[in-house]
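Protein chains in written order, with the numbering used here: chain V, 1 to 459; chain Z, 1001 to 1340.
Calculated directly from the structure, the hints in this document are not laboratory data.
Treat the hints loosely; a few may be bogus.
In silico BS3-like cross-links for lysine-lysine, where the CA-CA straight-line distance does not exceed 27 Å [as the list claims (entries may be wrong)]:
#1 Z:K1087 / V:K244
#2 V:K280 / Z:K1292
#3 Z:K1040 / V:K301
#4 V:K313 / V:K118
#5 V:K280 / Z:K1040
#6 V:K301 / Z:K1323
#7 V:K318 / Z:K1292
#8 Z:K1128 / V:K313
#9 V:K313 / Z:K1323
#10 Z:K1040 / V:K281
#11 Z:K1080 / V:K281
#12 Z:K1323 / V:K223
#13 V:K261 / Z:K1292
The lines below spell out each chain.
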Amino acid sequence: MTTDLITRLEKIVGPRFVSGEAEERYLYSMDQGTMPPAVPDAVVMPKNSDEVQQIVRLANELKVPVVPMGAGLVLSGLTRALKGGIILDMKRMNRIIVVNPISRYAVVEGGASQGMLKAYLKKHHPGLKHSMPDAPPIATLAGNVCIHGSGHLSVLGGSHSDMLTGMEVVLPSGEIIRTGACSVSPDWFGRSPLPDLSGLFLGWSGTTGIVTRLGIKLFPNYKHNDVLIFVSEDADLMPDMISKLTSTQVAEDMTPWMSPKPDWARGFLHINIAYGAHSKKELTFKRNLMQASVREYIDRKIAGFLPLPPPQKGRFLKIPSPDLARFADLRKGGGFEYVGAIMAIEHFPAAYRAGLAIAEKFNVGYSLGARIIGAGHSMMFFFAYAFNRADAEDVKRASEALEATNTAALKIGGIPWKAELPAQKQIIEKMDPNTFALMGRIRSVLDPNHIMNPGNWEK
Amino acid sequence: MKPIKFDPAVCVNCDTIDCLMKCQYISFTDISEAREEKLKINDGRDSRVLTQCLTCYACQEYCPFENNPFYLLVERQEEKGILPAPKPIVEEQLRMMAPRGRIAPQAVSGPVVDMCAFPMLTGCVRGKLFEGATTIVGTDIFCNIMWLHFAKNSIIRERVPLMIDNIMSFYLKNSDTNELVCFHDECYGTYTSVADAYGIEVPFKPIHQFDYYNQRLNVLKDSIKPINAKIVYQRPCSNRLSPQTDKVLDEIFAKIGAERVPRKHDRENALCCGGVPRAHQRDELADELVDKNINDMLSVGATYCVFNCPFCMATLGQEVAEKGLMPVLVSDLVQIALGE
């Protein structure tokens, strides 16, 4: 069957873009996280929607699983071929199709990367930018939108799925559909006022279709940019501080962080706040608004803004931030994973304490932090653990810490983000059974042969 | 703990109360109000000065009797628990700048140049000006004077003797020199003015960078190519602790053909660069100071804005550059004149 599969895939995309070789299958069997490898039968790289459609039809015919993959950087093993089959690597579909500078959106192919769009905008539309996640630049826009990612404009624009304006999707049955305005209009300006079908593909971990195009919102790229770092020592005050800072609605990004390294940072709670403006006067005005919002804490001398001379700010204004990558290499050996849990802001203190307790219990190097989503509407609280992939004990320890963190996050009221398989099962346990049943019915309708990334979101 | 060197009788008999009357940031209705506030400070009573002080060090220079008014004020702030900046800001910086104990013995020779805790500045020590020099650097030899801005005399008392001991034990003790060239104006202030006032013994001879450059320019006089340019100078807070060096700077400028253009906010009327008020969470005041200062600089038509203090340069450098002035350290300007 595998030989037949490879031969038929070669007919669709050409022999250069299919592999059934052990080396490739090994590389595609895992990501950088702790999930064990799952080896696919084949890897294929289509060039356009038509080829994706043909591959999906073939998979249906042969009853072979299909796992769509962007850059494979999700860290929670969502692009592993749990039941074998085809890994459908989208990286060749990487065109920036159109940028609308007036309505501020871009339409890109499903494999276009964050770095490519950033570079494209810098060259052709320097007045615009998109929300970059703190992932390597090769991470794809579609992948990040589909996992409800967040990034450097998430206080301004919400999660990346909130910034989605429309999609072209190859359904598991092979049909190509569009969601959002682009299903009616030549423009990709948004998802209203139609029934919003985009939700059928967001957060489903590639079990409902393959995104071949998407529209995303763009934002003004300001000439003047600045960062503030607000420091306190009391986790219980963080929800109110975040609420007050976001109430000014001038920040683009807000990322609390708590880390035992460097030594001076241990025990302090920081909030990095990035904001921009067209003029220095506007920038100062925005700074003053944010400072005034937390003046009560400053006057009580229990929190304040770290004095940062301009030359020291550059590091904090880098997008994506290099800090997480630096932490990821803490233990060397190339292992890094984190639990990001989406939760309400008021759970910050509980999440912080849970993270500290787990890190201590499992003796793992940690970095705790969050990205505020929307004007203080929720946050992605992350518990990051570095480990040495070459050290089995270290991997086990990190894995156990992650599982404990998922449990703690759910207990607090949060929901593990881009959940790996065990976390998916934990979520399902807590989920309203009718909701889970509906998910199953939707999948059955969309994917009668159950070929799309099977093994995910199942009991 | 040794008390600050200070004589209350001097203030009682003072006719001018210059320490407060000359203050550029706090106003007094008349000399009697200033005197009353000063006596409150001296007696350990509450005074609005303790909370309003910008900690610019200037009163140290204004006092004609060298009665250490600023050091005493900081002492009172700490005694009363008056925090000029929020506690986490102070505490975190205390940790950032703490000695790491990572110092190792190093053979030093020639002029030994103390770069304080700023490794990023060691590149400044180059060329003919610093021929044969050895640099020493790190938080284990940090001068710690910055705690004057944060009501932390106790830290100065605790850490400065340790730093001095490190400088001696790890560097100077087994070298052929007992002199330490302070690249950082604040270090010189620490090892002279602060050490004297706080009763801290300094076993080496601190040399101010200006004295060093001035001497070197005598040696290198044939290499000097006068820059023939107008400059403005940003005098830092720490230079209030060694005002005599300001005249040496004039000699340096004269030797290299730099015209220090008179302006309102130079010399005794120098303005704070704005960095410390930002740490005190007084950004709007800092903005005002920066505007006032730079507008004053621009009004005299200079080419260079010359900095003594690296922190002033970090704080103001970008702003002055955007306004068309070239920011340089004194050492850089001298090196330009030496054709380097």
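Subject >> Restraint check for V:K313 with Z:K1323, where alpha carbons must lie at most 27 Å apart >> reply: Within the cut-off at roughly 20 Å; holds.
Subject >> Proposed proximity, Z:K1323 with V:K301 (alpha carbon, max 27 Å) >> reply: violated (35 Å)
Original post:
Is it true that the CA of V:K280 sits at most 27 Å from the CA of Z:K1292?
Top reply: Answer holds: V:K280 to Z:K1292 is near 16 Å, not above 27 Å.
**OP:** Verify the proposed pairing of Z:K1323 with V:K223, using a straight-line Cα cut of 27 Å.
**Re:** Holds: Z:K1323 and V:K223 sit about 17 Å apart, inside 27 Å.
Subject >> Pair hint V:K261 and Z:K1292, alpha-carbon separation not exceeding 27 Å >> reply: violated (40 Å)
Original post:
Is V:K313 close enough to V:K118, meaning Cα to Cα at most 27 Å?
Top reply: holds (21 Å)
**OP:** Assess, step by step, whether the Cα of Z:K1128 is no farther than 27 Å from the Cα of V:K313, and give holds or violated.
**Re:** Distance of about 33 Å is beyond 27 Å: violated.
Original post:
Under the criterion that the straight-line Cα-Cα distance not exceed 27 Å, is the pair Z:K1040, V:K281 satisfied?
Top reply: violated (41 Å)
**OP:** Take a quick look at whether V:K280 and Z:K1040 sit within 27 Å of each other, Cα to Cα.
**Re:** Judged against 27 Å, a Cα distance of about 42 Å means the pair is violated.
Original post:
Holds or violated: are the alpha carbons of Z:K1080 and V:K281 at most 27 Å from each other?
Top reply: Distance ~38 Å between Z:K1080 and V:K281 Cα, so the pair is violated.
**OP:** Given the hint that V:K318 pairs with Z:K1292, test it: the Cα-Cα distance must not exceed 27 Å.
**Re:** violated (31 Å)
Original post:
Straight-line Cα separation of Z:K1040 and V:K301 no greater than 27 Å?
Top reply: holds (24 Å)
Hint compliance for this structure: hints 5, 6, 7, 8, 10, 11 and 13 are broken, all remaining hints hold.
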